[in-house]
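A.B. asks: Using the hints, position chain B against chain A.
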Amino acid sequence: MSEIPNTPLETPVEYPDLSALWGRPLQATHCPHCGVAHLIPAEMERALCPACFEARLEPQPSINRPEAPELLINFSTNPAQVQAGFETWLKGVWLRPKELQPGMLAQRLTRTFIPMWLVDGGLSGTWQAQMGYDYQVASSQEAFRNGKWSTRKLTETRIRWEPRAGSAERSYQNLNIPALEEHTRLARGLGKFNLEAALGYSPAPLENASVRVPSLLPEAAWPQAQSGFERLAAQDCQRAAQAQHIDEFSIQAQYQNLNWTQLLLPIYTTAYRDEQGKVYPILINGQTGKIFGVRHASQPQARNWSLGFLALALFCFVIGLLSAAAATQWAALGIISLLFFGGALLAGIVAPIPAFWAWNFNRKQEGS
Amino acid sequence: MNLSYQPPAGFIAVESQLEGITVFAPAPQVDTTPEAQEFKCPQCGASTTFDPSVAGVVCQHCGYSQAVTAQAVGRTAAEDEFTLENLSLAARGWGEERKELHCESCGADLSVDAADLSSTCPFCASNRVIARVATQETLRPRFLIPFKLQANDIQPRVKEWLGKGWMHPADLSRAAASAQFRGVYLPFWTFDATIHAEWRAEVGYERTERYYDASSKSWKTRTRIDWRWESGAVTRTPDDWLGIGTSKISQILLKRLYPFDLSALVGYEPGFLAGWQALNYDISLQTSWETVKNQMSEDTRQACRAQIRSVHVRNFSMVADFADETWRYILLPVYAAAYRFEEKTYQVLANGQTGIVAGQKPIEWWKVWLAIAGLLSPGVLLALLGLVLLVFGGIGIFPLGLGAILFVVGIAASIYIFRQATAAGEA
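Protein sequence lines correspond, in order, to chains A and B. Once you know that position 330 of the first sequence is 355 in this note's numbering, the rest is easy, because the numbers rise by one and skip nothing. Once you know that position 57 of the second sequence is 209 in this note's numbering, the rest is easy, because the numbers rise by one and skip nothing.
Here chain A stands alone, though its shape is the one from the complex (with noise of 0.2 Å):
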């Protein structure tokens, strides 16, 4: 790996002033349960953790990165928004734990903020690669029918494959790299932030919101940068030698000038737990109102209704057996024994369906 200029400290140093560094009073915390460090605001004592919603976070003496971020994004969607939202998101799920309301999960929204890193930098080096041309054959088609033949002319594109090589000095900005280990999972739900609205830091926007202390510190992202760069280098080679593809790219580069800068995006944190006590963190993008996170349908629930229209056709059968026996006495018996089998067969038919359902749709949820 080539060196990384410019890079802050990456060992953690003593609890600082962060009131001084973030121009508002915060103090750092860690989930006991999920390790997950967050700065919060000093009047928010004992808050349960944001992103795991397990256990209430507890202050720590020592913090990786106590500087306040250069850029950060506001929210554009407020909870009623969010709530409507859990409306929709919701619909289709017939057997809910008792917490997974829109009302429920709105109430217990939270502001957070998570990290990321925007990196500027140079490279030189020398690359190679397999470049792409496209070029077109033509070729045909023939029919035959009714005794005569006819011709289709077809135009293929097939790509001719060349060795290219050279040097490159390029600059690029703003490469987005991740600040936390599951930026990528977070990304991939939440989908894409608008970093157009980017603003530079203000302490305001942080009132009554929680801050993700970055887990990748650029050391730790560094390789990620590094094959950002690469990319973005692949991508200029191929412009510069007009190709259509590129295969094969290998760059041998130094960087320069790297400047790392901390982007906060808006979201909203929210949980809910089922029968059995499991809580289920559900994130929204603050800025887009996507919702992300996993839709549980009680299983409890499912089995109750299930064993529900077991007993009734269990119940059904034996009235229809005992009506059976008398009607042995008094034929027109014999009709209601009928319908209480009936009865029985539709129960016992229904019966697996809700046990079914509730499996099925966590399953996939899970699939997901």
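You may find that some hints are simply not true.
[Unchecked claim] Straight-line C-alpha distance at most 20 Å; calculated EDC-like pairs for lysine to aspartate or glutamate: (1) A:Lys173 - B:Glu421; (2) A:Lys173 - B:Glu350; (3) A:Lys178 - B:Glu450; (4) A:Lys173 - B:Asp451; (5) A:Lys178 - B:Asp232; (6) A:Lys173 - B:Glu233; (7) A:Lys178 - B:Asp344; (8) B:Lys192 - B:Glu421; (9) A:Lys173 - B:Glu450; (10) A:Lys178 - B:Glu350; (11) A:Lys178 - B:Glu442; (12) A:Lys217 - A:Glu207; (13) A:Lys178 - B:Asp476; (14) A:Lys178 - B:Glu421; (15) A:Lys173 - B:Asp344; (16) A:Lys178 - B:Asp473.
[As the list claims (entries may be wrong)] Computed spacing ranges between beta-carbons, pair by pair: (17) A:Ala222 - B:Ala385: 54 to 60 Å; (18) A:Ser275 - B:Val471: 40 to 46 Å; (19) B:Gln454 - A:Asn385: 53 to 59 Å; (20) B:Asn446 - A:Asn385: 56 to 62 Å; (21) B:Ala385 - A:Gln108: 58 to 64 Å; (22) B:Ala161 - A:Thr286: 39 to 45 Å; (23) A:Glu221 - B:Val471: 51 to 57 Å.
Calculated directly from the structure, the hints in this document are not laboratory data. Even glycine gets a Cβ: it sits at the ideal position worked out from N, Cα and C.
C.D. replies: For chain B alone, coordinates are given in the frame of chain A:
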């Protein structure tokens, strides 16, 4: 900019579309064949010619010889795709100083040595041949099969060929002495393709059934055909199918010279053409490909039909997808001569690799008609005799029947002879 950058060996700088990035690509292969090459003897200065017996250029004056070396490539010779880019990038011209002679009689364009100012056209024996500058705006052949046989080897084969056949003049073989054979490299295209065809047809299967015939009040047997839809698929990979590149010579005659052994293909070297004539193509790549593609399509159709296990087929349809089509432009060795017989000119060709001879031979039609009359007359005479005998008694039925059989046999033999004579006379 990284000024110290050293590109890989054999790479040259090419245009870059972005500032700050340099691009280097492999240097294009340079055609090492000199633009114009003169074949002069280094010892005596006389012109040298390619001699198949020594596989090199030979000076007829002082005996100097030098082998023409070319890479034997055979059927693995490089093929081109059907791209306009390839056509425009292909090397052009003949790579040696050549003149083109145009025959005003038959229209043939001959590429000959610069020193040849006049020539007898090998295709029509005409001397109405004028020199003009050979065009360089055509594709240059990349491969050829060198002449394996010399003109001296061809003469007796042609004489033997002329002497064959009873329907030709008896003194025809003497005319061969007047025929001057000139070796000519003729232009051909070779084509490859992969064809995947899918067919569908109604196929009929015969079934024998017994039925009760009410009119005759008896059980009889009859054949019924059960029709059902069937489908199938065929994949064919025709390899090195030849397409003729010249219209100056009868295509029928040229096809009679087949096969050429393409495993003897070598890379094109101008030395192979020293002292020999070569004909430039006038049937374009596209035109020749259309012809060969039709043959490939028909071959594929027959392969599809062969999958059907019944003679009863209707509503047959198929779609053939062509893929991986490639081509080569090659030169093949042919000896050509024209001889005159009774004020008429006839063309004779010989395969310069295998010695197969094909050509036109005059037909003495009186011999043909006499033979036909001889074949038909026994049947006619016997039938007439039978008719006469029928008048005088029932015994005539036997010669009448035999005469009819002989007449039918005679008709069949006559048609065969007539077609043979017509085929020998055409082309």
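A.B. asks: Does lysine 173 of chain A pair with glutamate 350 of chain B here, judged by a C-alpha cut-off of 20 Å?
C.D. replies: Given that 20 Å is the threshold and the Cα spacing comes to 16 Å, the pair holds.
A.B. asks: Is the hinted pair lysine 178 of chain A and aspartate 476 of chain B satisfied, with a Cα-Cα distance of at most 20 Å?
C.D. replies: Judged against 20 Å, a Cα distance of about 15 Å means the pair holds.
A.B. asks: Using the C-beta atoms of alanine 222 of chain A and alanine 385 of chain B, is the stated range 54 to 60 Å upheld?
C.D. replies: holds, 58 Å
A.B. asks: Within a Cα-Cα threshold of 20 Å, do lysine 173 of chain A and aspartate 451 of chain B meet the stated pairing?
C.D. replies: holds, 15 Å
A.B. asks: For lysine 217 of chain A and glutamate 207 of chain A, compute the direct alpha-carbon distance and say whether it is at most 20 Å.
C.D. replies: Answer holds: lysine 217 of chain A to glutamate 207 of chain A is near 15 Å, not above 20 Å.
A.B. asks: For the pair supplied as a hint, lysine 173 of chain A and aspartate 344 of chain B, is the alpha-carbon distance within the 20 Å limit?
C.D. replies: Violated, at about 24 Å.
A.B. asks: Is 40 to 46 Å a correct range for the gap between the Cβ atoms of serine 275 of chain A and valine 471 of chain B?
C.D. replies: holds, 45 Å
A.B. asks: Taking 20 Å as the top limit, are the C-alpha atoms of lysine 173 of chain A and glutamate 421 of chain B close enough?
C.D. replies: violated, 44 Å
A.B. asks: 53 to 59 Å was suggested as the range; check whether the CB atoms of glutamine 454 of chain B and asparagine 385 of chain A agree with it.
C.D. replies: holds, 55 Å
A.B. asks: Given the proposed pairing of lysine 178 of chain A with glutamate 442 of chain B, does the C-alpha separation stay at or below 20 Å?
C.D. replies: holds, 12 Å
A.B. asks: Against the 20 Å threshold, does the CA-CA distance of lysine 192 of chain B and glutamate 421 of chain B hold or violate the hint?
C.D. replies: Status holds; Cα separation ~16 Å.
A.B. asks: Please check whether alanine 161 of chain B and threonine 286 of chain A have a Cβ separation lying inside 39 to 45 Å.
C.D. replies: holds, 43 Å
Hints 1, 6, 14 and 15, counting from the list given before, are not met by this structure.
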